[in-house]
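Visitor: Everything in the sequence shown is counted per this note's numbering, starting at 1 for the first residue and increasing by one.
No wet-lab data here; the hints were simulated from the structure. Note that the structure is predicted; figures quoted are calculated from it, not measured.
Here are the simulated EDC-like cross-link-like pairs (lysine to aspartate or glutamate), alpha carbons at most 16 Å apart as the crow flies:
hint : residue 1 : residue 2
1    : K26       : E16
2    : K26       : D12
3    : K26       : D10
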Amino acid sequence: MPHLLRFSRDIDSRLEYLCQQTGMGKSELIERCVDVGLADFEAQLLMEGAGRRPAQGVKPSLDQLLRESGLGA
1 MPHLLRFSRD
11 IDSRLEYLCQ
21 QTGMGKSELI
31 ERCVDVGLAD
41 FEAQLLMEGA
51 GRRPAQGVKP
61 SLDQLLRESG
71 LGA
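With the hints as extra help, turn the sequences into a complete structure.
Guide: Following this line, the structure appears as structure tokens:
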């Protein structure tokens, strides 16, 4: 699915340089960058416990918040 992305001049020139050096197209470089970056970001979030947060609109109880903060019994 094609998307329109706008990059700063710096990022665009860096992509152009990589295209020239690797022979790869911009779209392939961007796709690989997003894939690697997303995998790292997912791992970071999961290690921080962000994956265990309740869904929006569902608030944890006061007891749960106190327990998780170490202030509750």
